[in-house]
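Protein chains in written order, with the working numbering: chain A, 787 to 1280; chain B, 114 to 400.
If you're looking for bench data, these hints aren't it; they were derived computationally from the structure. We treat Cβ as the ideally placed atom computed from N, Cα and C, and that holds for glycine. Just so you know, nobody snuck in bad clues.
Pair ranges (Cβ atoms, derived):
id, chain 1, residue 1, chain 2, residue 2, range
1, B, L361, A, E1205, 26 to 32 Å
2, A, K1234, B, V398, 17 to 23 Å
3, B, N153, A, L1278, 39 to 45 Å
4, A, K947, B, L361, 30 to 36 Å
5, B, D347, A, E1069, 54 to 60 Å
6, B, V398, A, P880, 36 to 42 Å
7, B, L361, A, S1182, 17 to 23 Å
8, B, S249, A, D1002, 26 to 32 Å
9, A, A859, B, A239, 45 to 51 Å
10, B, R117, A, K1046, 53 to 59 Å
11, B, D145, A, E1205, 51 to 57 Å
12, B, D347, A, D1002, 47 to 53 Å
13, A, M1114, B, F254, 30 to 36 Å
14, A, T1118, B, G232, 55 to 61 Å
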Amino acid sequence: MTEKDLAQRTSLRFNDLWSYDSAPESSDYVQLKERYDLFIDGAFQPPENGKYFKSINPATEEVLSEVADAGKADVDKAVKAARKAYNGTWSRIPAKERGKYIYRISRMIQERAREFAILESMDSGKPIRESRDIDIPQVVAHFFYYAGWADKLDYAFPGVKPKAVGVAGQIIPWNFPLLMAAWKIAPALAAGNTVVIKSAESTPLSLYKLAELLRDAELPPGVVNIISGAGNTGAEIVQHPDIDKIAFTGSTEVGKLIQKSVAGTDKKYTLELGGKAANIVFEDAPVDQAVEGIVNGIFFNQGHVCCAGSRLLVHEAISEELVRKLKMRMETLIVGDPLDKNTDIGAINSRPQLEKIQRYLAESVEEGQDIYQTKCTLPEKGYWCCPTLVDNVSQSHRVVQEEVFGPVLTIQTFRTPAEAISLANNTPYGLSGGIWTDKGSKIFKVGKDIRAGVIWSNTFNKFDPTSPFGGYKESGVGREGGLHGLLPYLELSK
Amino acid sequence: MTNRLNVLKTCKLYIGGKFSRTESEHYFQVFDKKKKPLANLSRATRKDMRNAVKAARGAQSGWAGRSAYNRGQILYRMAEMLEGRRDQFVAELERVAVSQKKAEDETDAAIDRLVHYAGWTDKYPALFSTVNPVASPHFNFSIPEPTGVTGIAAPDDQPLIGLVSLVAPVIAGGNSCVILASELYGSIACTLAEIIHSSDVPGGVVNILTGFRGEIIPHMAKHMDINAILSGADDLSAKKIIQENAHLNVKRVHFYEKTDWMKEASSSPYHILDFQEIKTTWHPVGI
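Sequences and hints are given; from them, build the entire structure.
Set out below in structure tokens:
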């Protein structure tokens, strides 16, 4: 039998036998204001400079709303409010009351979960299936988990006394807007800090909904201040002299700038930066499960995931079979309207991000790499990228070394575990890694040798508030989640 | 007075388990309390530092791979060796820095500090690990692993206990290190190298350079294969240089400033944690 015959006999037909009816989630349910001001000291306030910028829906390119562009004076105002709240209320109220505020926030988000999910999908382009089933439930769980820590900090770190750091300046990315806000705000509040947080430029809206909710929850004014803006606003936060701690999630490039710019100060910092995770599939792996894991690893959230399994390392003996099955599975992925409940892959978050992905792919073509894209049909408007494989690459290619942050998976093969480990570790990053094998001892050996903060064995892209997350090497400093996630927000003294 | 002429020791660098002269053949003089010349120390260069980092990198995974029990035994062995040469350290400390009483106290404290950290090697992982009750059907746990190669700038005060207090938690946690000794008291670090050398510490785990901070620290802070920097030097200009350059490869940076290392409270498993990375591992649970 020729390879073509084999491929035909073993492949499944999708898309051309029937098509799915659309199953859109209604967006009427979400009430958006035409304009959002900065949430400072418990009230919405216009920016001093009077500037606003638009937030668009990347699936339709329609303007959803416009939001304030915070400048230096606004950041200063927010920090002052946070300091006043820290000194005046938040550091004075009993820890258990602090915890109850955080519990209340968690419950109120849960009550409004669907509204938040729809808005998140509209503003970021992620499929409703993910915002509804992963992002927002994780937000709720994160606040609920850290709420309980507030009055138990004395038990967290033996032999030392924990004390809040003070005012935390937090800067979050656009890939999981509300979830990243929860990862930052919940531990900060539980540990007794007050917060100035800036949303990402392209996804400010869910944080302003959160601001409304915090006001409804009667959180004391100034405990959480929410502002919006671009990189300049972030720089003002980083450089503000009255901020005690910086928490940043974003690119390694910006993370390095932050580390440099706090030099000479006593600011604490945690950085959760980029990644280029290897997903290693050994010859004894359960192939069908591995295929699911690979798909989830790279196509989850359009590949806009710092810990995405963007490099497939597959044992030579099974690479043909695995890649064939992977391509078949990829053909079933539905790319399109983020609000459609059938959608697997939504819109690329912004035009600049789409252009960045396309630049990488154009370079791959120039360099003679093999690109495979599924035959998906794309909507006319909006920013889209079909699931993509890049084969015939070597370790030094940019698409293998650098974070593409899109639905693009490179494929490399290996012969020995030592070679797989060496390839996996051969980038400046160290955020996550995947291992697929039926042999337990191999998981522990390979898992130990991969220099990364999260190891998913026979699974990928799983998150939980109880589980610490963060990078080795240039993927960052510090952990978020779990017991270890409290450390950055506490001073420990004997 | 006898007619015998005493034999002076040539102080060398300690790199990769070998005592070697600096590749530059440059030296600098250090003095005793009475400002009399005490020794000619090697003035290490950037190239020496890079050689030391290479040795440290080569030794690190093997050291981290030793059992915690074995690392504990080796740190304890360092204490044994130091105890055996207690009089030498007391005499050297007294000659360069302090009174005899203080020299005795400091040497005793250094021995005890090594014993203290020897006992942590197989205990801190229990303290800093967690099993995380995730909501999905997965088994999930987090454990500390060493950060890697650490650059250490030794303090000037308390030259023996200060240096030991910095090195012990770093190597107890499975890291290797490159130390720049105090400019004033480098001779103490040179003698400490002999203790390390005879204590079954694998070559390359601890590397000791003598030289000038201004010449070595900026390059240490920039070196792309150093993962972390620990400075015990109360030196503001060095601090800024370290902080500014650490970003090149996102080094972990810690400053233990103005610390009285003679106090028991200055030892802590949290110093070990400063040079650990937390790794979380997930696996599905099911049949």
